[in-house]
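Residue numbers (this note's numbering), protein chains in the order written: chain A, 1 to 329; chain B, 1 to 329.
Some hints could be false.
A pair holds if it fits inside one copy or across any two, identical chains being indistinguishable in the list.
Listed below are the simulated DMTMM-like cross-link pairs for lysine to aspartate or glutamate, each with C-alpha atoms no more than 25 angstroms apart in a straight line [what the hints assert, rightly or not]:
| id | residue 1 | residue 2 |
| --- | --- | --- |
| 1 | Lys33 | Asp210 |
| 2 | Lys321 | Asp23 |
| 3 | Lys321 | Asp123 |
| 4 | Lys33 | Asp226 |
| 5 | Lys321 | Glu195 |
| 6 | Lys33 | Asp103 |
| 7 | Lys33 | Asp146 |
Calculated from the structure, these hints are not laboratory results.
Protein chains: 2
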Amino acid sequence: MTAQYDVAAIGNAIVDVISPANDAFLVTEGMAKGSMALIDDDRAAELYGRMAAGIETSGGSAANTVAGIASLGGTAAYIGKVAQDQLGDVFAHDIRAIGVQFDIPRLIDGPATARCLINVTPDGQRTMSTFLGASNQLTAADVDPDLITASSILYLEGYLFDPEAARRAFAKATAIARTNSRMIALTLSDSFVVERHRAALLGFIDSEVDIVFANEAEICALFETDDVNAAIDAMRGRANIAAVTRGEQGSTILAGDQIHQITASPVGHVLDTTGAGDQYAAGFLFGLARGRSFADCGRLGSLAAAEVISHYGPRPQVSLKDLVAQAGL
Amino acid sequence: MTAQYDVAAIGNAIVDVISPANDAFLVTEGMAKGSMALIDDDRAAELYGRMAAGIETSGGSAANTVAGIASLGGTAAYIGKVAQDQLGDVFAHDIRAIGVQFDIPRLIDGPATARCLINVTPDGQRTMSTFLGASNQLTAADVDPDLITASSILYLEGYLFDPEAARRAFAKATAIARTNSRMIALTLSDSFVVERHRAALLGFIDSEVDIVFANEAEICALFETDDVNAAIDAMRGRANIAAVTRGEQGSTILAGDQIHQITASPVGHVLDTTGAGDQYAAGFLFGLARGRSFADCGRLGSLAAAEVISHYGPRPQVSLKDLVAQAGL
């Protein structure tokens, strides 16, 4: 059956609050640079009160990825939970405005829409503190079987391994995708997520996942090593495809017996790395859904990532489709 | 008495929603490029639903100005009304985070925090549609006499000539400023505001205002002429000081018998002109409060305006104080 969507994604639906910060601020607040920490409502209020003036923009890892796929000219649907509040309105508006199918019912009488407080240091690194709020209330009931069936690739966000109800949503979605011979992709999301759920993630990868996305810290955490190459080797045979993003060093793609080294696309000035991994996944998945070579999938990922780190905010600010055409890809 | 604040400002407290748009969209939506139109809640929902994905950022003309004054190293207080909602939290956080005194009680059980839907065309022009919401509910009770007394300059936003209660707040504040020999500044805000309140504005300028800020369209509207120079001439003798911003042509400052032509500061690429006039006023008022020459006030205004039009959003993204030091001003 021809798929109506290139990708259906499940993830934490989050609005980002992005402020500039210096390194001393991270130290004072006890935050590990480049990491994502979960915080509660009180801590969110306290931290926000000390952050610089910022901008608000729709985020959420898998949501950023489907936004990137839409910008590339692809088709995508999103499954995630926001509340019936102003930030929920912002999230729903932005993801629909870029052309992504999104019709998950709002959470009523629960916590507010999730916020990710992002402090961006002068080196462009982002350090994230997330109040999960409504996003954490996603359940299997939010997974529409027809939507999964209608999508070439099901893309899952590792962050959702934390809440039990969301893992049941994953199980429901993967079973439907499997039955309908759809590909299943997973991003490891964060090294702390991997630490918390290593065994469950490895089991899930072995039994269900065709494509794994990870950065160096995440793949090292998965295989409990400091050696990235050893970690990549350890991935062989566990998923059909693995794409490991390596910052300025580009990315490494394992595909069965093949290995591809992809160089990073040039960037004038790295302003804010928020969304780099998400946009790499967007380019890669779009390429895969459209039958491109693995090397081209990696190049599309690099190009999309390079655009997003040149400005504040985790989603493309220009048409990635135009950018791809200009690059002759 | 030495003033605690350089400037106390009264204005519409607004959160901006900034999205890219093409010229055809403005035509379809019946919007006049570069203007500000007032819209109701239904129209806001309808227009927002058709706009591209955007970013949310604190705005409001006079609020942008006091943010600029704080960024210049000045001291400022702000009087404006937001609701007890998420966008109200964003507004209050951002203006305090930049160092502006802001403690006006939130509006309870009224309309939501004001939003300005800003469509930015590829030429960098911004076209604004404002849902005034809670900002429109500012009253004289929100004007703290001590705060006006403690400020060198009282700065008023012409937009607030629309609601009756806010005009009473203006009257209260100007009376206190007058009694305490503080300077009173007014921005005309928008040519449509001038059309709606021409006689009242002229009467107010003649009786109360020391410093008038206007752009070319606004000063022409005030004196019902298409000739900017004739309009500037007509301003002579009506206020002690008038600063007319003229886009790429810089600005013209009338100060008693003096006239100063100030060139615009160079800008690499004009991305979004939102906040240009507000930041010009910030530089000018900061200079005036600190006893700088009129020409220097104009140069400070040009420098602040050049920074803000080089990026999306109506407030400085770098320290204007550092920028001024680099420029040897």
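- Which numbered conditions among the earlier hints are violated in the structure presented, ordered from lowest to highest? Per hint list: 1, 5, 6 and 7 violated.
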